[in-house]
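Position in the sequence shown counted from 1, then plus 9, gives you my numbering.
Keep in mind the hints are simulated off the structure, nothing from the lab. A quick note: this is a predicted structure, and the numbers were derived from the prediction, not measured. It is possible that part of the hints are untrue.
Below, a list of computed lysine-lysine pairs in the PhoX-like style, where the Cα atoms sit at most 25 Å apart [to be verified]:
| id | residue 1 | residue 2 |
| --- | --- | --- |
| 1 | K117 | K144 |
| 2 | K243 | K226 |
| 3 | K239 | K226 |
| 4 | K101 | K117 |
Label pairs and their in silico Cβ distance ranges [unchecked claim]:
| id | residue 1 | residue 2 | range |
| --- | --- | --- | --- |
| 5 | Q146 | R245 | 39 to 47 Å |
| 6 | A112 | V44 | 53 to 61 Å |
| 7 | L71 | A244 | 28 to 36 Å |
| 8 | R145 | R264 | 20 to 28 Å |
| 9 | E108 | P63 | 32 to 40 Å |
| 10 | Q136 | D90 | 19 to 27 Å |
| 11 | Q61 | D90 | 15 to 23 Å |
| 12 | R221 | H256 | 26 to 34 Å |
| 13 | F153 | D188 | 15 to 23 Å |
| 14 | M246 | C56 | 35 to 43 Å |
| 15 | A51 | T194 | 22 to 30 Å |
Virtual Cβ for every residue (Gly too), placed ideally from N, Cα, C.
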Amino acid sequence: MDRDPLARRLPEPAAAMETSAWLEPRPGEASPNAVVLESLLARLEQCFGIPQRPRSPDGLPLYPDLLDELVGTILSQNTTDHNSSRAFRALKAAFPSWEAVLAADPTKLAQVIRPGGLAQLKAARIQEILAAIVKRQGSLSLDFLRDLDDADALAYLLSLKGVGLKTAACVLLFGLGRDLCPVDTHVHRVANRLGLVRARHPDDTFAQLSPRIPAGKAYSLHVNLIRLGKRICKARMPECGRCPLRHECPSALLRQR
Numbered sequence: 010m011d012r013d014p015l016a017r018r019l020p021e022p023a024a025a026m027e028t029s030a031w032l033e034p035r036p037g038e039a040s041p042n043a044v045v046l047e048s049l050l051a052r053l054e055q056c057f058g059i060p061q062r063p064r065s066p067d068g069l070p071l072y073p074d075l076l077d078e079l080v081g082t083i084l085s086q087n088t089t090d091h092n093s094s095r096a097f098r099a100l101k102a103a104f105p106s107w108e109a110v111l112a113a114d115p116t117k118l119a120q121v122i123r124p125g126g127l128a129q130l131k132a133a134r135i136q137e138i139l140a141a142i143v144k145r146q147g148s149l150s151l152d153f154l155r156d157l158d159d160a161d162a163l164a165y166l167l168s169l170k171g172v173g174l175k176t177a178a179c180v181l182l183f184g185l186g187r188d189l190c191p192v193d194t195h196v197h198r199v200a201n202r203l204g205l206v207r208a209r210h211p212d213d214t215f216a217q218l219s220p221r222i223p224a225g226k227a228y229s230l231h232v233n234l235i236r237l238g239k240r241i242c243k244a245r246m247p248e249c250g251r252c253p254l255r256h257e258c259p260s261a262l263l264r265q266r
């Protein structure tokens, strides 16, 4: 089977599962004590603050358009936040609607989103996803996902070619305010180093971690694990000596020996 050229070169998940199983505990895997995870969350919030969602002037949470979130997450694959933001802004400036994006010449679309890298592949991916949504739903909108539970919403998004678990979970977390923690490379790396999971693939990290996150804390955990991963717990040269979790981290303790 040909691998997706946008996918990370990582081992495959241990086994295919029903979508609802991503949100259920998996027997035989590491199960960190809930008190330990709550303690780590508290330390992260002390160090980096409690992340706040954008809010309107009257205090209500502001959520992006679901298609904006989906396409923006696709543009973020295999590139930096800065470059993906440039590509998304260019896309919105060049095309007045998602219908216009779908109807666009693929070469022109690729030129517009070139700052995000892999432009031809991402342009084809975006148009294919938009076409699939129109075919199934009759219009370019994902608003119907608001009426679905987490498992069903994930299942729909994962059925779109090129949408993986991280992308689907990002749409639910940032677009719908659902209590899910998407697993990118930073969350995957840090969660494994902390001993919260034992997983070779980010999808398995999501499956192991999701059922153990305290209610209402997935957004905070996601944002602060990424902050920790980018600033301190780096892939090649982790700065364990200044990590707020160094005394509880098995990886840091090994490095300090």
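Outcome of the hint check:
no.	hint	in the structure
1	K117 <-> K144	holds, 23 Å
2	K243 <-> K226	holds, 23 Å
3	K239 <-> K226	holds, 20 Å
4	K101 <-> K117	holds, 13 Å
5	Q146 <-> R245: 39 to 47 Å	holds, 44 Å
6	A112 <-> V44: 53 to 61 Å	holds, 54 Å
7	L71 <-> A244: 28 to 36 Å	holds, 32 Å
8	R145 <-> R264: 20 to 28 Å	violated, 50 Å
9	E108 <-> P63: 32 to 40 Å	violated, 26 Å
10	Q136 <-> D90: 19 to 27 Å	holds, 24 Å
11	Q61 <-> D90: 15 to 23 Å	holds, 18 Å
12	R221 <-> H256: 26 to 34 Å	violated, 21 Å
13	F153 <-> D188: 15 to 23 Å	holds, 20 Å
14	M246 <-> C56: 35 to 43 Å	violated, 19 Å
15	A51 <-> T194: 22 to 30 Å	holds, 25 Å
Hint check: violations occur at hints 8, 9, 12, 14; the rest are consistent with the structure.
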